[in-house]
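Peer 1: Quick note, the sequences are listed as chains A, B, C, D, E and F, same order. Mind the numbering: the first sequence is residues 16 to 285 in our numbering, read in order. Mind the numbering: the second sequence is residues 16 to 285 in our numbering, read in order. Mind the numbering: the third sequence is residues 16 to 285 in our numbering, read in order. Mind the numbering: the fourth sequence is residues 16 to 285 in our numbering, read in order. Mind the numbering: the fifth sequence is residues 16 to 285 in our numbering, read in order. Mind the numbering: the sixth sequence is residues 16 to 285 in our numbering, read in order.
What the hints contain is simulated information worked out from the structure, not anything from laboratory work. Glycine included, each C-beta is placed from N, C-alpha and C at the ideal position. Check each hint, because a few of them may be wrong.
[Stated by the list, open to error] Label pairs and their computed distance ranges (CB to CB): (1) D:G39 - B:L251: 36 to 42 Å; (2) C:A84 - D:G39: 38 to 44 Å; (3) C:L205 - D:T40: 42 to 48 Å; (4) F:P37 - B:T130: 57 to 63 Å; (5) D:G215 - E:K45: 53 to 59 Å; (6) A:P37 - C:G86: 28 to 34 Å; (7) E:R18 - F:D282: 48 to 54 Å; (8) C:G247 - B:D72: 29 to 35 Å; (9) B:A255 - C:R18: 31 to 37 Å; (10) A:G80 - F:M285: 53 to 59 Å.
There are 6 protein chains.
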Amino acid sequence: MRRALDEDLGRAGDITSAATIPAGTRAHAKLVARIAGTIAGLECARRAFHQLDASIDFRARHRDGDQVAAGSVLAEVEGAALPMLAAERVALNFVGHLSGIATLTAAYVARIAGTKAKVVCTRKTVPTLRALAKYAVRCGGGMNHRFGLDDAVLIKDNHIAVAGGVKPALERARTAVGHLVKIEIEAATLEQVREVIAAGKADAVLLDNMDVDSLSQAVKLVGGKLVTEASGGVSLETIAAVAATGVDFISVGALTHSAPGLDVALDVEM
Amino acid sequence: MRRALDEDLGRAGDITSAATIPAGTRAHAKLVARIAGTIAGLECARRAFHQLDASIDFRARHRDGDQVAAGSVLAEVEGAALPMLAAERVALNFVGHLSGIATLTAAYVARIAGTKAKVVCTRKTVPTLRALAKYAVRCGGGMNHRFGLDDAVLIKDNHIAVAGGVKPALERARTAVGHLVKIEIEAATLEQVREVIAAGKADAVLLDNMDVDSLSQAVKLVGGKLVTEASGGVSLETIAAVAATGVDFISVGALTHSAPGLDVALDVEM
Amino acid sequence: MRRALDEDLGRAGDITSAATIPAGTRAHAKLVARIAGTIAGLECARRAFHQLDASIDFRARHRDGDQVAAGSVLAEVEGAALPMLAAERVALNFVGHLSGIATLTAAYVARIAGTKAKVVCTRKTVPTLRALAKYAVRCGGGMNHRFGLDDAVLIKDNHIAVAGGVKPALERARTAVGHLVKIEIEAATLEQVREVIAAGKADAVLLDNMDVDSLSQAVKLVGGKLVTEASGGVSLETIAAVAATGVDFISVGALTHSAPGLDVALDVEM
Amino acid sequence: MRRALDEDLGRAGDITSAATIPAGTRAHAKLVARIAGTIAGLECARRAFHQLDASIDFRARHRDGDQVAAGSVLAEVEGAALPMLAAERVALNFVGHLSGIATLTAAYVARIAGTKAKVVCTRKTVPTLRALAKYAVRCGGGMNHRFGLDDAVLIKDNHIAVAGGVKPALERARTAVGHLVKIEIEAATLEQVREVIAAGKADAVLLDNMDVDSLSQAVKLVGGKLVTEASGGVSLETIAAVAATGVDFISVGALTHSAPGLDVALDVEM
Amino acid sequence: MRRALDEDLGRAGDITSAATIPAGTRAHAKLVARIAGTIAGLECARRAFHQLDASIDFRARHRDGDQVAAGSVLAEVEGAALPMLAAERVALNFVGHLSGIATLTAAYVARIAGTKAKVVCTRKTVPTLRALAKYAVRCGGGMNHRFGLDDAVLIKDNHIAVAGGVKPALERARTAVGHLVKIEIEAATLEQVREVIAAGKADAVLLDNMDVDSLSQAVKLVGGKLVTEASGGVSLETIAAVAATGVDFISVGALTHSAPGLDVALDVEM
Amino acid sequence: MRRALDEDLGRAGDITSAATIPAGTRAHAKLVARIAGTIAGLECARRAFHQLDASIDFRARHRDGDQVAAGSVLAEVEGAALPMLAAERVALNFVGHLSGIATLTAAYVARIAGTKAKVVCTRKTVPTLRALAKYAVRCGGGMNHRFGLDDAVLIKDNHIAVAGGVKPALERARTAVGHLVKIEIEAATLEQVREVIAAGKADAVLLDNMDVDSLSQAVKLVGGKLVTEASGGVSLETIAAVAATGVDFISVGALTHSAPGLDVALDVEM
């Protein structure tokens, strides 16, 4: 938060407001969603204002995760005008970016309502904002995949090739990591799915870029013995069909790398 | 960069590769654009790899700003496999995010080729990544607006209201800031444009949310005495008409808050 | 502020007071200017005390920018003795350093009272304290030049030489930077002043190391078409004559690189 | 160093040079002292350049501590023009500030040449630059007092008053700190000097604001049993008389809080 | 590493060596284990030296994880004497601390050789050094438990009580976390073990402070359906009996909170 | 403190409590010493809780330095359950680590009660926690040696050898450092002790690895003219005999590098 404010305030701060608005001026403002969407990041907005002036009164009118209509007031903000204006853009940039992610996630989630499948995000996030992005995915009704390279094992084709096959790769992983670390492994073909099942050390199998038919067969092969995840090229148009195959999880990179920002604004009265 | 890598590596690093790939393994990889676009961020990719292993050989095959076809090799990377894989996702996230911005900017720029208008970005950027986002806009052929609240004055409606009008707001600003700081002021109506011209202290006028007719008239009113900028709700569909009004600059928030990531990947051979 | 306190407290803190003053001791203190001057940095003093103990009561008796007589009480400080003494030197060092700058600036400003010229500072500041130094200049009645290399263009002789002349240098600069960035260019001779005027892209001209006669002619040549700035070797003795030439701004490096500290002290009663 | 460069480069870097100087341009430069003085900070200059480009060749032609004539070349710098110009001002600000301190120190030292007294600095330093300032004092031939509140005990009048006298203050200090920590105590009168000698736990006595006669008598009273330090209001005019009293050390706050910067410049050829 | 060096060098650095050893002096040194043990942290030692002087030649003669006899040379170090001595203590403190952990771990591991049980560490680590401590445990042949509160779920008695029982606690956890997060749950009685098995959502059960008989029965109850971990009060004397119960993992807090440092020294010749 | 919490909370925080404990849940907890010992670090515990939630009520029931029986309540903690549990492990790790040091120190101090000797620590501390470790030594009744390489001179065998003997080493040191810096020098033989006394510039002599007989003779030789410190291989078994030789200080590295953690726990009710 400090870095985000420093980035906007630079060395000399909000020189426009300093020149035009007297020091004691008070302001009352409404944080408004200009379009409909799912909200995330109100706490970031609060922190942006409070970092510059702890006495600003920030009253949230919605909670993160709420689906709101265009024009909804998300929060009311009252206090000294100068710090409020100085924090405005940073607060809006957080809410806009995170609500954009939540809104796109909610759209994917809505397409598969009624199935057992869950939408999950990936590590394809904007650098340095991953924890917030993953929080926004949860606000949108999605679930989180790994937070980084260190909190679970995900064995991909290269790892399998170098390790000498599915079985040795899984065995190496199992002996290397602690008992509270899960292991998932990629499979691109039904043959590989069979190898994974046979090797017996995995917790989950990532079905990579399979068509819907293959996914269905893979799910049947697995038969509930492993968690199944479909991955690769899933869009709003195709996700329902993917969910219908019976997979447990569907990962969608676009949630965090391509969500358009939600249009939010601060309507200020002084 | 350090923070981006820390975010992905966490406390224990790339536990999958550590378990499955022997320490001395070498890898050769190609950084590839899966779809066509304008490239930005290759230097970030290089730094991500070099931060983890300065001996990795990173040879760029394109330059930032190049428009490339789907399948183009952007860079070749050679060296130790473990640090290369540990840096892979961070490198791709930078290139994907920044090239997404450059690609969208280039699309806007292309729509107004042949006019004198320039596309500029705004302060609606993803928090903490503004300098890189603005760089990506330049890679896409756009120009930069303010980097923050401190490097130019931009007087908005609230400032005008509190200061008691266009004229006093401009006068206060002119006496408050140094001689190397430019002053731009918002005008939402032709009447306000006339006030700005009459006040005589501004360097530029931001024509806010005006329709194309009003823009044309405003440009005529200004008659080259001020720089003109059109702002508000400009899309790929409308930008050509806006440019045709004769404004000098057109600002587009979507460049930095809603650009979808460009699909880039690292094809690794070990 | 945290770094300044760490620098003085080191690893073990104020070992003298810890050894000689009981933990609950209260103190009342006066922050006093031992000599006359213009004050800057009282907010830094407050922060130094509050960083170590937020319950210390700091009541400013003057404001930054006030011209005070020797012996003036600048603030009264009341609270726990141990944190107050631990923060004392840091608080005084800030106020002494910044008030020194403000006092020297006020002396320069006083010499040109009644002219239209303004005193401005330069980038010749003590490393890492520039924003505070520039604030102190404003407290002394001066104005600020660039805060850094990135917030305005200042084309010097080397840039002109490499770019192939005044005209191409100005053209390159104009196309490279956004519409809210000002451009100033150095001219050492009247001939160069004429070139600058002819090239027509500059906002300001820096008249570098010219004698008073040349300055007068340069101001006449410019005729209000550009902002004029005199620079180089200006002293308290010469500034009035420089101002009389009609230049708009006079930059003085000594304001920030050679101002003697103002003698301030904390008179403590326990 | 990183902070000093960030402060000058801001978010967008050296936009003037970026616009006017082609990327591959080489430069050869001389770091020159425009006036005579004692040099300090050449290593800082080297680091400023190398932080931005490790391949810049920096050849010092003098060493810190050298007394040089006006016009002396302190170092030659060769390499890529863009990083060299971007680091120029920071490098000069360090050398100018530190050489100013060294030069003023050398002036004080010269006034007492031939006596046994040593000039020492104080904690009245520009915030966050103390270690460098103290280094510059050593370059000028002075010695260092405490670096902070934690590396030696210095008992002042307030400590004595609260502790209940010279003797209890010294006893408390001696039992509180380790055997490798020295203890100095202020004495403002000859009576207090006698108390300090009688108490027997101090390593040094600071003779505070005494006139020359009192200093002489105090030195006789001490008779070599303690280190003696004269402090308070010492100037270039008075230091010789103070040294003649036989004190061991003379502390001068002005060395670090009021030294004018030394005029240094970078003469660049491209 | 930078913080560890700063902590030892303080503001003025190694003043003893600076005073007594000429600048150009070279040194050859041996990093020696004074007593037998298992080594960890040689890379930290290398970094300590290289942080101060990248040209110091550090040749490891052993690898982390090696069990060495008293007097073994762990590394040879050659280069400039001043930076070598300045980094010496920090390098030794890292190697001594981490090798102490590795050595104690190896002792525990040795006691249960031949059983299927594994020794694992806990989160009871010295603050801010956890990742290194966990690495040292691996060097000693142990395995790692959670790195923090975020990389796996561990449901304790309080969580169970508030959630309303074992079954609801497990259900809540399973729906809250992603599919790559493991869930372990504490059980203090055989009855609780049965509840955990019945609830069916856990990956592992932590058998808390059970005696050896209860552990044996718990292992039988579980029958391989869950990973079993014994925890609480395990010592070098009791670990063999605990392992004989058939548990999969035995966690030992003492590995990281109570390991005596290994006595290592740097024998320097100049 | 922030780093210690970040280390434990990682990117996603306390996922177990978040899943199982409702947001508004309150908790009352007791910080308890499971075994007898000397306490240090309660303020660290308070800060750990307050860093995550400033409204948590932390009431210390003991003070640092208290010797407590097994089962003693050290503090009561009341407030929101989620931040309390999130900070629990970090708070305990600080108190356990520091109380372990205090407890071991107190054991050494108790062995030499009634002698004039003092127990002092060394620079053999766990990296980055030295100031806290030295504080814990004081809580246990010990005193502190140097905090780092910069706050006193300690001349060792290598320094003597390179400087050309005891006398030149002491002379160089005396002229290099300020008058508030103490000088200690190592002596391994009685002959060296005589040289140190003859050279006359030292404040203290470190009697390195001498047997008890040699120590007694060395103390006699010194005859109170210097502070004496015994160092090397001192254990709980041997310290009484060392103290009986009449040395002033006995340094014990084990205090800070090998103290087992004190078993402390947080008993929570919700």
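Peer 1: Give a verdict on every hint.
Peer 2: Here is what the structure says about each hint:
1. A C-beta distance of roughly 37 Å is found between D:G39 and B:L251, which places it inside the suggested range of 36 to 42 Å.
2. Taking 38 to 44 Å as the suggested C-beta distance range, the pair C:A84 and D:G39 does not conform, at roughly 59 Å.
3. In this structure, C:L205 and D:T40 break the distance hint of 42 to 48 Å, their C-beta atoms being roughly 29 Å apart.
4. The hint said 57 to 63 Å for the Cβ distance between F:P37 and B:T130, and at roughly 60 Å that hint holds.
5. Distance hint for D:G215 and E:K45: a CB-CB separation of about 46 Å, inconsistent with the stated range 53 to 59 Å.
6. Distance hint check for A:P37 and C:G86: the Cβ-Cβ separation is about 32 Å, which falls inside the suggested range of 28 to 34 Å.
7. Take E:R18 and F:D282: their Cβ atoms lie about 34 Å apart, and the range 48 to 54 Å is violated.
8. C:G247 and B:D72 have their C-beta atoms about 49 Å apart, which leaves the hinted 29 to 35 Å range violated.
9. At roughly 52 Å, the beta carbons of B:A255 and C:R18 sit outside the given window of 31 to 37 Å.
10. At about 25 Å, the beta-carbon gap between A:G80 and F:M285 misses the expected band of 53 to 59 Å.
In summary, the structure is inconsistent with hints 2, 3, 5, 7, 8, 9 and 10 from the numbered list given earlier, while agreeing with the others.
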